[in-house]
Amino acid sequence: MKMSDASPKSLREKLIFEHSRPGRGARGQWPRAESAGAGVPEALRRTRRPLLPEVSELDVVRHYTRLSQLNFSIDTHFYPLGSCTMKYNPKACNAAALLPGFLARHPLAPVSQAQGFLSCMYELQEMLKAVTGMRGVALSPLAGAHGEFAGVAMIRAYHRARGDLKRNEIIVPEAAHGTNPATATMCGCVAREVAVDADGDVDLAALRAAVGPATAGIMLTNPSTLGVFERRIEEVARIVHEAGGLLYYDGANLNAILGKVRPGDMGFDVIHMNLHKTFSTPHGGGGPGAGAVGVSTRLLPFLPLPVVSREPDGSYRWLEEKDLPQSIGRLTGFGGNAGVLLRAYVYMRMLGREGMRRVGEFATLNANYLSALLQKAGYDAAFPERRASHEFILTLKRLNQQYGVTAMDVAKRLLDLGFHAPTTYFPLLISECLLIEPTETESKETLDAFVRAMAQILREAREDPEHLHRAPYTMPVRRLDDVRAAKELDLVYTRPAG
Amino acid sequence: MPFIPHTDDDVREMLAVIGVPSVEALFDEIPANLRVKSLAEVPEGLSELEVMQLMGERSRADGRAKCFIGAGAYEHHIPAAVWSTVTRGEFYSAYTPYQAEASQGTLQTIYEYQSMMASLTGMQVSNASLYDGATAVAEAALMAVRANRRSKSQRILLPRTLHPHYRSVAVATASNQGLRFEELPYDRATGQFGVGALGGFEAQDTTALVIQQPNFFGVLEDVDALTDWAHAHGALVIAVVNPISLAVLKPPGQWGAKGADIVVGDGQPLGCPLSSGGPYFGFMTTRMEHVRQMPGRIVGGTVDLDGRPGFTLTLQAREQHIRRAKATSNICTNQGLLMMAGTVYLALMGAEGLERVATACMARTEQLTQSLCSIAGVRRAFSRPVFHEIVLTLDRPVAAVLSALAERGIQGGLDLSEYYPELGNALLICATETKSQADIDAYARAMSEALRAVRAA
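If you're matching them up, the sequences are chains A and B in order. For the first sequence, this note's numbering begins at 1 and goes up steadily by one. For the second sequence, this note's numbering begins at 1 and goes up steadily by one.
Here chain A stands alone, though its shape is the one from the complex (with noise of 0.2 Å):
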């Protein structure tokens, strides 16, 4: 691919590599030239320079700030992309995690100079346990799907060790999302759905079926994929515990309930928590995120290495294998995403205990109120009988067969008004659906005017539903093919010929 084939527009931006000149370079960034490879045996020389650009400072600065501009971002406006949780990152947990101290220490540092970061992470368990209800937490999980896969492999070591080696299957619910049953696969179990009921909550008599000596536990999101909280939760439990299983919640949605409910009080029995989701550290475009893990009492010989300990003389130190003999083990060549859990610990400590309550209330509050208004502007909600939770899902079923306008054709359009998408066809079960999650940071007068332009897409769709087939108009690019994309694999630039 060559981005100045392109018609000379002013949201296009080149490769970095059709900026290169030979012989540009930024010098000032580079150290001094040596003797090169003096010291390398001729057999393992590299013989021929990787295609890397030559470019100066300012090609670099202006090229990628060019390319961010390109990006919809929650600092330039509203994304409310369901089942990720995008509130406002505040600068200060950035500031603070670039502190020089911070930012230079080595993980392999000794102990004795890591107090202050370690006292750092130290309090951050215990806060995160006391907002989740759990016994134990284990910070090392690098995202969402790492802490699921330390939180299956924590249920599997704990019916080994008790000699239990027939309890191989992890229930999920048909909504759930597509990284538990395949968090399952990676732990060597098996996935095994279950229903879900009209109203949203997991069928008892399916699940009742579904539990038997196979059981290892079952996997939940609570509130559900669905934006509503599983009513009967306690009901859920007690057949599991009751079967022999484990209740495994995934942390997702723990934006709708934070400061109002625990997971620990539900009956769950290990959680991972997004940290890059709830505790507001940023998405980076993909990553990094942190997937803390809690654990009940029964769990806590298992969680990963290394976790934090307080010694009885007030110093802090990482405990290893010989401290938690069952362990899983290191899932991590270090002990985590330390930057992120910084920034996580920050947010806490400016939002204490008042602030961490409003979380839930608040994004529960905007995600009532605009599915109110999106109903009274002539939208479908799937459970239009139920309360939002922090998030809730529009179908557009009846848009699609009267206008055959799609979920996808309201996203794309969506974007030419100044509004990242919602997550569109998750969950699966939902057809033409929109998942739709604000966010307790986002004013009143912005879900006014994402209403608003809701309300103009469905103008649209009566008036012209062409014009919504081919939205979007004003972004850098409009609709791009997928199937080209997958068919004719173009995933490298390379060296053009002469």
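Derived by calculation from the structure, the hints in this document are not laboratory data. Careful, some of the hints might be misleading.
To be verified - Examples of chain A residues lying across from chain B (beta carbon under 10 Å, computed):
no.: 1; residue: Gly101
no.: 2; residue: Glu234
no.: 3; residue: Gly333
no.: 4; residue: Ala455
no.: 5; residue: Arg470
As the list claims (entries may be wrong) - The calculated lysine to any residue pairs, modelled on SDA-like cross-linking and capped at a C-alpha distance of 25 Å, are:
no.: 6; chain 1: A; residue 1: Lys444; chain 2: B; residue 2: Arg379
no.: 7; chain 1: A; residue 1: Lys166; chain 2: A; residue 2: Val190
no.: 8; chain 1: B; residue 1: Lys37; chain 2: A; residue 2: Lys322
no.: 9; chain 1: A; residue 1: Lys129; chain 2: A; residue 2: Arg358
no.: 10; chain 1: A; residue 1: Lys129; chain 2: B; residue 2: Arg35
no.: 11; chain 1: B; residue 1: Lys326; chain 2: A; residue 2: Leu429
Glycine residues also receive a C-beta, built at the ideal position from the N, C-alpha and C atoms.
Once you have looked at the hints, place chain B on chain A.
Only chain B this time, still in chain A's reference frame:
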């Protein structure tokens, strides 16, 4: 209210629209007995001023020792332009580019990253990052099982010269799916594992051989012979490499007659601060024939409705949100922002700048080695050439020497006695381009004093 913009009037109007008397009423579907009673363990909130004062204190509490530790995380100079660019809100506060039309900045950067990493490693395709180097090895082992269809054993050979944490993570992650990991010994004189270590596997079905270059001891392995052995025995080669070293070392794509099959490593040296262990990023590149077995996001070029070029996530049928239980991995969020830092770093360095970094690191490590080895009681543990790390053997217990060094403002390296007890008092040290002659002299002086102090004790 921190970060919540609602006025009292807003709340009243919003509740009226919803048709409930209070915010509390919105939680009426949650059983009352489950409601949180107290969050007393969480402290009161702090203002930005207060929290910055607190964090300033905590960040200064650990001092600023000179760091000569490597072992998988390396202190390099990071040009100012890297993080000033990457922390722009448009990158920092965006998410996975699901809406391609509103994410061309992120997508094009990933495409550029994929291009750079494929070329740097001598491979054809790259994904958009994994969590870190250790998890990348685990993912590579799982991928090798899918890619090497002729092998049924799921046996992965891990040399003991591979980073011990990487070995632990691979076992903890992939043995759940039935993979069998076997450890290969190394030669005590050279610090390498040679083809000789593979003798026991001549007649066995092996899925993949892992080779780290430079290895955990900093020593350069004889990668050509090892790669050829693996291919002659039906095994794939998983290369674990330091991206900076590839400026001067033969890329894995050219190892042996056919080249490595999967290349992974930690991208931290490319513009990511040490930051107490993360966030870093894992990278993975491979041959085109294995692209559908790769885990993680991949970006491809395509055209839009008007036939103009653009970028989008592609080959998503490998991933968890489509394939669910049959996905290549459960990975979703990866290390996007760090991958971006790596891309900006590589763009600023170019091939020549990267060579300068690599050769400066080698020169500093050589100087440090000479300085330290001129002290009585300090010698090199292994004979073979190294990149920018080296194992020294001391005549006194390393832990005691390291604490005496720490008192003198030097983080002197990693004590290997727990990882490799057979090596005795072994210390792994590293000096990158960030260390000046004065730093090296200071370390040497401190080492003399520390050894004297430990001997006297």
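Here is how each hint holds up against the structure:
1. Gly101: At about 3 Å, which falls below the 10 Å cut-off, the nearest Cβ of chain B leaves the hint on Gly101(A) intact, so it holds.
2. Glu234: 7 Å, holds
3. Gly333: At about 4 Å, which falls below the 10 Å cut-off, the nearest Cβ of chain B leaves the hint on Gly333(A) intact, so it holds.
4. Ala455: At about 15 Å, which exceeds the 10 Å cut-off, the nearest Cβ of chain B leaves the hint on Ala455(A) violated.
5. Arg470: 7 Å, holds
6. Lys444(A) with Arg379(B): 69 Å, violated
7. Lys166(A) with Val190(A): Cα-Cα ~12 Å, so holds.
8. Lys37(B) with Lys322(A): Violated: Lys37(B) and Lys322(A) sit about 37 Å apart, past 25 Å.
9. Lys129(A) with Arg358(A): Given pair Lys129(A), Arg358(A) holds - Cα atoms ~18 Å apart, limit 25 Å.
10. Lys129(A) with Arg35(B): 16 Å, holds
11. Lys326(B) with Leu429(A): Roughly 19 Å separates the two Cα atoms, so the pair holds.
In terms of the numbered hints stated before, the structure departs from hints 4, 6, 8, listed from lowest to highest.
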